[in-house]
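Whole structure, please, built from the sequences with the hints as guidance.
Below, each chain spelled out in residue letters.
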Amino acid sequence: MKITSLALVISLLLVFVVGTAFGADASGEARKNTGCGLGTLIFQDKADNSTVLQSLQATTNDILGNQTFGITSGTSECKQPSKFAKNDRLIEFMVANMDNLAKEIAMGRGETLEAFAELLRVPANKRPEFYQKLQANFAQIFTSENVQLAKVVDNVVTVSSY
Amino acid sequence: MYRPYVLSDEKVYGTFRIVYLFFTALAFHTVLCTSAAHAADRNDYLDSLLKASQVKHLSEDHYWNILLHYKPHSSGRRSLVDDPRFFLAAAGKVDPRAEMEATIISFFEQVQEGVEPPRCTFPARYAWLKEQLSVDESKLPAAQCTKFEEALALINPKSAVLVFPAAHGNGPASMFGHTLIRIDGNAQNDLLSYAVNYAAVTTDRNGFIYAYKGIFGYYRGYYSILPYYQKVGEYNEIEHRDIWEYELNLSEEEVRRMVMHIWELKDIYSDYYFFDENCSFDLLFLLEAARPSVHLTDAFWGKAKFWVIPSDTVRLVREQGLVSVVKYRQSQAKRIHAIASRMASTDWNLAQEVVDQKIYPRTITEMDIDPKEKVRILDLTAELLQYQFARKQLGKDEYVHRFLPTLQARSTLGMQDEDTAVTTVPVSPDAGHLPGRFGIGGGYRTDSFFTELSWRPAYHDLLDQGDGYIEGAQINFMDVRGRYYFRDDALVLQRLRFIDIISLSPRDAFFKPVSWKVNTGLDREIMSGGQEQLVYRLNPGGGFAYKTDLLGIVYVFLETDLIASDELHDKYAAGIGASAGCLKNMTDRWKINLSAAWISYELGDVHRSMKASLAQNYMITTNTGITFSLSQEKTFDYNRSEASLMVNLYL
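Chains as they are written, first to last, in our numbering: chain A, 1 to 162; chain B, 1 to 651.
Any given hint could be a false lead.
[Said to hold, decoys possible] Across the chosen pairs, the derived CB separations fall in these ranges: (1) A:LYS86 / B:GLY414: 28 to 38 Å; (2) B:ASN349 / A:VAL157: 35 to 45 Å; (3) B:GLN616 / A:ASN146: 57 to 67 Å; (4) A:VAL157 / B:ASP397: 26 to 36 Å; (5) A:GLU145 / B:GLU131: 57 to 67 Å.
[Unchecked claim] Below are the BS3-like pairs computed for lysine-lysine, each with C-alpha atoms no more than 30 Å apart in a straight line: (6) B:LYS327 / B:LYS358; (7) B:LYS51 / A:LYS86; (8) A:LYS79 / A:LYS126; (9) A:LYS83 / B:LYS396; (10) A:LYS151 / B:LYS396; (11) B:LYS266 / B:LYS139; (12) B:LYS147 / B:LYS158; (13) A:LYS126 / B:LYS512; (14) B:LYS327 / B:LYS547; (15) B:LYS327 / A:LYS126; (16) B:LYS327 / B:LYS158; (17) A:LYS86 / B:LYS158; (18) B:LYS396 / A:LYS133; (19) B:LYS130 / B:LYS158; (20) A:LYS86 / A:LYS126; (21) B:LYS372 / A:LYS126; (22) B:LYS147 / A:LYS79; (23) B:LYS634 / B:LYS571; (24) B:LYS130 / B:LYS56; (25) B:LYS392 / A:LYS79; (26) A:LYS133 / B:LYS571; (27) A:LYS86 / B:LYS396; (28) B:LYS512 / B:LYS358; (29) B:LYS611 / B:LYS584; (30) B:LYS512 / B:LYS372; (31) B:LYS327 / B:LYS584; (32) A:LYS79 / B:LYS396; (33) A:LYS151 / B:LYS392; (34) B:LYS147 / A:LYS86; (35) B:LYS327 / B:LYS56; (36) B:LYS392 / B:LYS517; (37) B:LYS396 / B:LYS358; (38) B:LYS213 / B:LYS517.
No wet-lab data here; the hints were simulated from the structure.
Just so you know, even glycine gets a beta-carbon here, dropped at the ideal spot from N, CA and C.
Here it is in structure tokens:
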């Protein structure tokens, strides 16, 4: 093996391994939401699928320049609930967190549930009762596997009758 | 220098001349006169501002360097931002003074309908210059910064947090972690805050191209602002990384300044370099914009170190007194382990059976067991289902079909006092040993005593004390060792490993990761004649690891080894073999790694090699330690024994 080709192999390998090691920060949008119900998250291939090959795959980031400041809302395609004032932040939050919200309503506690209560402007002193009501009426909130978030919010308003 | 202004002024007068031709003089005479007078006033005022900025040497001011990302470059200064839209002067990237003057001139531009004037796109520059030059806003054309004001109202910045998603053990793409900044406003719940992230934008899927482009700056880095819950979901749940949150003691005014500067970087790119101009380095400018008295970017820029490791930046931010409180947000994998640790291990199977649809979730609620255990079983089931869905081990329909009945069953069990998923908080990443390691020591290798010097610039060895690092994850860069052998009076390069990664990811009832390793570089090996020779080596392997109480992490690898040297027959040898070992923390300070490897070289210079070693490390302080190693090897037909003692300093 000649020294030049040796050097080439070394540098290529170095570039490959080192590059992927430092590449963590390029992971951007990890998931895209397509839908307004449970289990609607589509996950992109990530670099951590626990095999050597996949570990060495790059993480990618498809965000475009004009989408990088995701602070303004109103982009959601999901239907607005009828029993609650139009609130784009609430809708966006639910699109991204439906599964965790369902889980935490069932458990009666959790940070997602707290954020949900805050977005619904439930007063702090009424939240324990609110959580308890949601948990007790889980089946009336998540009525089917295909339940949509607008319906979930309306059901929450109904069962919590607050 | 004044040309842009003069040109636009002529245009204004030209327009007036046409107007003058079309209308009779008298009615418009007064209007024209006052307009012209205003223009002249404005001209004088602009001149006075420009003069004042020169007298005060504002373009050399520290804060101007921060806002424009200027760093010393040959004899002058040069901005690290590469987007031409970031500069108002044509030569703004390399001429801080021209940029300042163009900025001041831009304040006087007539505001066009529907176009945000520079004052609005660069609010931090404007605010700072206004303060420094005591600008009388009434003498400038009126400007409404609607978009910026709306964004500011929405974010409503009050405080800020430096967020550090730690590495996850098995993926080299994240082994060093990442940093972002969270801006907290009115919301009580942290999830509802906004996260500011700096990342390379890429659509390349090929790891090789990606690495090459990343190292040599072919990607563009953009800042983004996203709801924090999106980032938490991404790191905690999809990538299974713990998140550390370092609350910063910035005042509301300081955070506001930071947000103004973030706005200036909206849709602006800088060439992204994995090693230095990366996520962690660029975020430091934001902190400096908030509090210019801290010196963060200078600690990395232009130093002999050409890389910026996220945990180093966290450490620096903490050293500079910016951190008040540290919080920990565990990954979903940790949550799963935390719930399981509270259960009888026999009940793990029950959760697994619900996941696999062998029993109904409702059945759990009807069982004759402790109600708390029912809760744990169903909580664990829900987490496992989410995990499998995230890993695409379950399709959407299958997942929802199992997830919802599980939650329904869980909801009937009511509130429980215990939070099933609470775990102990590990040592934070900034509190671990420093990533560089310098070692001095010596030992004996068959027939001769030697002294040794070693240097590793980054990052963590299996034997290094593990606080603040991922257990079982080793990354060594440029591990170099030199020895002086007394018997032969010979100074030799013992090793130069460009990279040496070992990822031991224990398999358990819930996760079945593959462990792997790869190292490449120069090593000294025994040749067929018995002499030792420097060879180039490439040694990858894959295997399994398990965690046991008695032996710590036990691991086995199947590996290949390629060595190349002029001294080898055919100049190379390639083989296949296996290695195994165990890594155990004997005490908080004492760690051992017992390992053995066997390689059969079937191609090139055909031979066998067997090596066994016992290495121990004792931590004296966080940044000092002693390593004691014993090893025995047989390569070709030659036996070698070695013992060495090294004192290590981490720096």
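**OP:** Could you check the structure against the hints above and give me the numbers of any it violates, in ascending order?
**Re:** 6, 7, 13, 26 and 35
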